[in-house]
Amino acid sequence: MKVRASILEFLSALKNRHTYAIGQNTDAMFGFLWGLPVPLFALTIHVYAAHMPRNVASFATLLSLHPVYWVFLVHPFLFALIFGALGTMRQHRDEQISHLMSDVKKRCEELCDANSRLQETDRLKTEFLANVTHELKSPLVTALGYTDRILGRHLGDVTERQVKALEVGKRNLIRLRTLIDEILDFSRLDAGKVKFEMAPVNLSDAVSVAVENLTLKAAEQKIELHKSLPAETAWIFGDLQKLTQVVTNLIDNAIKFSHPNGVVSAKLTPGGGTWHLTIEDHGQGISAAALPKLFERFVQANGSLGRPYNGVGLGLVIVKKIVEQHGGQIWIESTENVGTKVHVQVPVASAPATPAATGTNKDERKEVAYATDSAH
Amino acid sequence: MKTSTRCPLIDATQPTILLAEDDPDQSEMLSDVLKDEGYVVDTAFSGDVANQKLQKNTYNLIVLDIRMPGMDGETVLKRLRERERTATVPVFVVSAFATDSDRQRYAESGATASFSKPYDIEELIGHIATFTKKRSAL
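Chains E and W supply the protein sequences, listed in that same order. Under my numbering, residues 231 to 606 are what the first sequence spells out, in order. Under my numbering, residues 91 to 228 are what the second sequence spells out, in order.
These are calculated hints, taken from the structure and not from any lab test. It cannot be assumed that every hint is accurate.
[To be verified] The calculated DSS-like cross-link candidates involving lysine-lysine, where the alpha carbons are at most 27 Å apart (straight line), are: (1) W:K125 x E:K400; (2) W:K125 x W:K143; (3) E:K523 x E:K550; (4) W:K168 x W:K223; (5) E:K425 x W:K168; (6) W:K223 x W:K146.
Please build the complete structure, drawing on both the sequences and the hints.
If you want it as structure tokens, here you go:
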């Protein structure tokens, strides 16, 4: 930057012969004084000859602005102050970072601890389940085994009264076995120890197998068992064995709560992107009060009747868990003394690309494992 | 049938069964029942003993519990399948752990069949009879 000025005489223009310019020195912008930079300025005076404005003489001189001496005394303190402040800020930031780091580390350790505690709990749960399974089932082996041997006359003659007594004993041992199985099934499901082998399956197969399994039982109780299946394949993505268990359990319930000469029907229909299974009986039904509690643990609708049905009321809870595992839902309609309808809805799956995937080809099945089954 | 002079238990007319079961009551019951049915029964109360006996003696069939102190049944099973002399002997696993995945694992380890405890004794004996007769006929 350059400032140029002159003092002008308006009355006699010829007297205007001087201009003054002051600006940064172009050769050396800074001079040095005691080792510190000092800005240099150049003052240029142009003098014009009278009547001949083209003849110019110029005089230039360098000017420098010298700070007062005490500024140099203040400088070190200023620097010290600035660097000190910067240092303190930096230290403060480092402290904050290290504090954060240690906090993060602590939290990580806490998480690790919590994780290993969870793993330990899970391991203990698995072990506990395994122990309970073993300890509850083992005594039944000899009790049932010897009872059967005596009843089979392998250990000598048995009187009719003895047979009757042993048969009651055996029936109750079997009842105990059913209870234990039910509790263990539930516990294993609840603890996430059950592996679902998911594959495209035909839900009709589950219904057919369940009906087939229970035909004899229904006949014994003089109950007619009907099934109605769709013409097309009812593809769903699921574990066929567990689904069969669901349908069997539901039909078994329907038979159990039917009156003699009654009819139990299982109907599978498509609808709204789902397969809809309805199992209907015309038995004693469920009271409105008991209906909402059916899917709670250890609840039996007829608990107050005191009739000794097998099971501890975990059957429906297990069924519900399995249905939900398939992304489906289950609900019950019932009117006391009229009958019960159990509805199960499972999402439709597209047919598998290759027929091989539907069979027992294990390699092509997708295993959904929640925890490895290590009960042994 | 392969017989060994070293083994006093072997009798060509009576199939010999090794019963590997740690529960004394269960072992006693099953061994009584099998003896009643005309089998020669050798018992092992632990996996290690079963493993040793399998290396020395020859059996027509093995009834194997899974949960035993020391070496468990699955290990015994894997070891015996690795040895040539017992590679094809029928092994019936009897265990309280008999979920589908358990059974599949036993089958993969080389079990001929698996029975869930509490098993139906008559059914078990029926299967043992089928398998030992098949073996005796060879």
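Exercise. Starting from K523 of chain E, check that the Cα of K550 of chain E is at most 27 Å away, please.
Key: holds, 13 Å
Exercise. For the pair supplied as a hint, K168 of chain W and K223 of chain W, confirm whether the alpha-carbon distance does not exceed 27 Å.
Key: Holds, at roughly 24 Å.
Practice problem: Measure nothing beyond the straight line between the CA atoms of K125 of chain W and K143 of chain W; if it is 27 Å or shorter, mark the hint as holding. | Solution: With Cα atoms ~19 Å apart, K125 of chain W and K143 of chain W stay inside 27 Å; holds.
Exercise. Sort out whether K400 of chain E lies within 27 Å of K125 of chain W, counting only the CA atoms.
Key: holds, 23 Å
Quiz item: Is it true that the CA of K223 of chain W sits at most 27 Å from the CA of K146 of chain W?
Solution: With a Cα-Cα distance of about 23 Å, the restraint between K223 of chain W and K146 of chain W holds, given a limit of 27 Å.
Exercise. Below or equal to 27 Å on CA atoms is what counts here, so check K425 of chain E against K168 of chain W.
Key: holds, 24 Å
Against the hints set out earlier in the document, no violation occurs for any number.
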